[in-house]
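Q: Protein sequence lines correspond, in order, to chains E and Y.
Here the first sequence is numbered in the working numbering, starting from 1 and rising by one per residue.
Here the second sequence is numbered in the working numbering, starting from 1001 and rising by one per residue.
Keep in mind that a hint or two might mislead.
Claimed, not checked - Pairs of lysine-lysine residues, derived as BS3-like cross-links and limited to a Cα-Cα distance of at most 27 angstroms, are as follows: (1) 1182(Y) <-> 1109(Y); (2) 41(E) <-> 1196(Y); (3) 1350(Y) <-> 1373(Y); (4) 1196(Y) <-> 8(E); (5) 1274(Y) <-> 1196(Y); (6) 1105(Y) <-> 1011(Y); (7) 1011(Y) <-> 1371(Y); (8) 1507(Y) <-> 1602(Y); (9) 1578(Y) <-> 41(E); (10) 8(E) <-> 1507(Y); (11) 1326(Y) <-> 1350(Y); (12) 1500(Y) <-> 41(E); (13) 1500(Y) <-> 8(E); (14) 1500(Y) <-> 1578(Y); (15) 1350(Y) <-> 1383(Y); (16) 1590(Y) <-> 1602(Y); (17) 1035(Y) <-> 1108(Y); (18) 1274(Y) <-> 1249(Y); (19) 1350(Y) <-> 1249(Y); (20) 1218(Y) <-> 1182(Y); (21) 6(E) <-> 1602(Y); (22) 1035(Y) <-> 41(E); (23) 1406(Y) <-> 1602(Y); (24) 8(E) <-> 1578(Y); (25) 1058(Y) <-> 1105(Y); (26) 1011(Y) <-> 1031(Y); (27) 1600(Y) <-> 1408(Y).
Claimed, not checked - Beyond 10 angstroms from chain Y on every Cβ pair, some chain E residues (computed): (28) 4; (29) 14; (30) 15; (31) 16; (32) 17; (33) 18; (34) 19; (35) 20; (36) 41.
These are computed hints drawn from the structure, not numbers from a lab.
Built from N, CA and C at the ideal position, the CB exists for glycine as well.
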Amino acid sequence: MAKQAKLKCLRCGYEYTAPPSESAELEERTCPRCRSNSVRKIQEEKKGDN
Amino acid sequence: MTDVGRHPRIKLMTLSEVENISGYIGNFRVKVRQKARYVDENECTACNECTDICPVIKPDEYQMGFSIRKAIYMPFPQAVPSSFVINMDECLGNNPIACGKCLEKCDKKCIDFDMQDEIVELNVGTIIVATGMDAYDPTELDEYGYTRFENVVTSLEFERLICVGGPTDGHFVRPSDGKTPKRIGFIQCVGSRAYKRGHPYCSNVCCMNTIKDSLLLKEHYPDTELSVFYIDIRAFGKGFEDLFNRSKKSGVRYIRGLPEHIDEDPDTGNLLLKVENTTAGCIEEFELDMVVLSVGLESRQDGDQLRHLLALSQTSDGFLAECHPKLMPVDAPTRGVFLAGCVEAPKDIKDSVTQAGAAAARAGAVLSANKVKLEAAVAVVDKEMCTCCEVCVRVCPYGAITANRKQKIPAEVTEAMCRGCGTCAAECQFGAISIRHFDDEQYMAQTEAALEENPQDKVIVFACNWCSYAASDLTGTSRVQYPPDARIIRTMCSGRVDEKFVLQAFKLGAPIVLVSGCHFADCHYIDANRWTQRRMDRLWSRLERLGIRPERLQLEWMSAAEGNRFAQVMTEIEEMRKQVTREEIEETRKILEEYESRKKSKA
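Model the full assembly from the supplied sequences, consistent with the hints where possible.
A: Right under this line is the structure:
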């Protein structure tokens, strides 16, 4: 099963997950709270990382 | 179609598939596979003797499976060319010949089982894409029972049932028992305006198609009771409202509300449905002889290959994107390619014909001019610096750059194909590509000038020429106030914004940098702004690794009409700017100076 993408808005700081989508490349990332497009995909921390 | 087939200057290639397209405006080379018909179309008189004797029976796709055809058949009445074709996957007698009855029966000896596909190479100046659309398949909407209940049909199947040239010669009957239905329901917006299953957009044609069908039925079968279940009736074209009123006056009942599900009475085959009539505010129950699902339109499932061949972009609904919705509505983003009909968006016959006429005129204008004016701002490669890495080849939305890593052939730009978005220049890690009139030094100089005095009070905005730059203009002309600290630097596309422009702005003391471009669906350079998004992701990670807050780099997509949004974004960013301290700016400056010196020493 594809992983959910973890996203963080760099305008308001809101963190959320988005369902995996085939058309993700075609869609803009928009913060559901403040509607900003400064939404960053957060890399999952690797095991052992502090 | 017959006129097109007979026209001395139109070469009609049926049963053909485009395999490859190369070149550019005025000089396209198209490779077409003309599939074997196995019947000599020049000799065939469509006498029908072969099809009469053919033993293979298959559902007729043209009649939506309501009648049968043979393995040798005419695809549809009035097909051009008026010739039969053999479906070799179905035919019994190719190799070894197990049947061959048609071969024996054809007096004209038109049938040739050894016929092969032919590859035809064409040189053309312009290309018009008019590959149409698909109809939505409502099978997934289990509640409507399509394919479970025989008397639930789609609007396309209904068209065949009522057509004079249809499987019943125009005698309208229902599939389960062949009786003429007396109570018919039409369900609108099947697969349209739906967010979970189907498509979120309005398919444009379904309302008027149902209104037309209702009038047709009332004309031929005045006693039929017709009910139309709808969300909204969208009758906005010339004369359409009048047609809608005529339909209502003729006795068709329009019920605002869609049925939740359909049940079938197994004894009679009648369909039972319950609807909340939201106008009357009551639940109504119906027993109908037949239900027609008014299915929406969707982009072609097999359209991707052609889209890639022509370097075209698609909007989020899957249809092809035009170059500009208002100013260039029939031009594709690739120069010399034009769009007509439903390949661009769902539209009715009138709109399709209008767009086709416009596309033909646009194509004719290019061909008759004999010369093409090119933009001066195109990519230029410094071959000495090029490492043949092919990154530019991969990112160019127009396929305008060629290079070969294995053979060490440096990048070369076909200027007729380049539109000057600058994505290649921004992605080139070796500084081998620049954009004429928009080169790196110019951007660096602009940034330097903008941050010359009190950089801590400034916000550097890299604004795309077509959207956010125009939006900032609109903000000004609309007298909308926004903080005066923005310093706007125009780029032709957000794809041009190089990582080094952003890092230099931070090094010069900018507290916040904003990169803004067109909405994904509106990108003037096909998909160049997707590369902006990827680059921003990279930059955010790099800033974080360096110890600079990624929040200081902001991204925004907006259109030229969103002046108010521009002002709102700038106001929000102004608040963020105030939180960046002088110490943080100074720290950033040091980090970036160290980073640069490390890079230089490595080089």
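Q: Could you tell me which of the hints above the structure violates, numbers in ascending order?
A: Failing hints, ascending: 1, 3, 6, 15, 21, 22 and 36.
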